[in-house]
Amino acid sequence: MNALGIQLGLSSLWAFLVALFAVPSIIYIAHLKNMLDTPNVRTVHESLTPRLGGVAVFAGFMSALTIFAPLNNGVQQLLAGCIVLFFVGLKDDLVSISVSKKFVGQLLATGIVMIMADVRITSFQGILGIQELPVGISYAFTFFAIVGITNAINLIDGLDGLAGSIVLIIVSTFGYYFYQYGGEQFGNYVFVSVCVVGGMLGFLRYNFHKATIFMGDTGSLVCGFIVSILTIQFIEMGLKVGQPFASSAPSVAAGILFVPLFDTLRVFIVRMMAGRSPFSPDKNHVHHRILAMGFQQISTVVLLGLLNVVVILFVINFAYLGNTLLICALVAFSLVLSVFLGVYHSRAERQRVASN
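Residue numbering for the sequence shown follows the working numbering, starting at 3 and increasing by one per position.
Possibly wrong hints are sitting among the right ones.
Here are the simulated DSBU-like cross-link-like pairs (lysine-lysine), alpha carbons at most 30 Å apart as the crow flies [claimed, not checked]: (1) Lys-93 x Lys-212; (2) Lys-285 x Lys-212; (3) Lys-103 x Lys-93; (4) Lys-103 x Lys-285; (5) Lys-285 x Lys-242; (6) Lys-212 x Lys-35; (7) Lys-285 x Lys-93; (8) Lys-103 x Lys-35.
Now the in silico label distances, taken between C-beta atoms and shown as ranges [claimed, not checked]: (9) Gly-7 x Leu-315: 39 to 45 Å; (10) Tyr-178 x Leu-19: 21 to 27 Å; (11) Gly-138 x Ser-49: 46 to 52 Å; (12) Leu-315 x Phe-270: 23 to 29 Å; (13) Ser-282 x Ala-5: 50 to 56 Å; (14) Gly-138 x Phe-270: 24 to 30 Å; (15) Ile-69 x Asn-319: 33 to 39 Å.
FYI, nobody ran anything at the bench for these hints, they're computed from the structure. Note that the Cβ used here is the ideal one computed from N, Cα and C, for glycine as well.
Kindly generate the complete structure, drawing on both the sequences and the hints.
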């Protein structure tokens, strides 16, 4: 194994061990100080559970990255943005804050990365016939993409182990391509990926059903932000390095993020069609619909993880088709899946409705 491989292995192991050993202490303190998540109409869990697991993931990720990784090419600014969102999420987990305050935190974190490190989407690479973007539109679209992806990961955090598993799949996929093709310009983002993977694995040991701790906004906001930056750098790598998918990188990235993006867009559209605010909470997320079909929590998480993997394999193998065809295929699949989720009911649910 080469020196880079050893460094990557050590950084991932460090993040894993820090998270693994931090979680029991966090659970103990949360119970001691009564910092627990109470079950409500929106949640699936039935008992009081701490929601500060993101603290452990962040501690493992942050310490491993600062010890082992080269912090150039925007990684330093990514860390600064993560610190901002960590404290926003921490405050929300402890005392709950308004959507507007969360948005200000996201605005600040995104500004640090976009303005100070110039991390942004510079081209649509032929989507809708658009190539290079004017600077103003580039900044606006990048901001929209970062906030959108961050909140998509935040919204899918509704079942034991779900958000963590989806983040693992996405980050591992991006990490592989940064390792293979990143070079000097993007190569150090593989460290970001392996540190997230290590921290997340340490946390998931306690988060699968029945979870003794949740990720909370502390974890989901930070992980969502990291995923959004990895996505942008992956798309830019296709443009600047020409590898591995050249101009098809945007549609491949959309496929890699399929489950969180599909879930967020679907619930927003369903809520607006019902005349409600897209941000009004309900039990209409994709995981809620699968649970309503009669699946258990663990099988729902496995099912959604497999779905994401299948879509990733599809977009990677058919990247040669180009952005337009790939995006059309993803949209068509999303529509079929939405219809299926909307009309299919489990036998148990049908019997319950009939008995009423």
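Run through the hints listed earlier and report the numbers of any the structure violates, in increasing order. Violated hints (numbers, rising): 5 and 9; every other hint is consistent with the structure.
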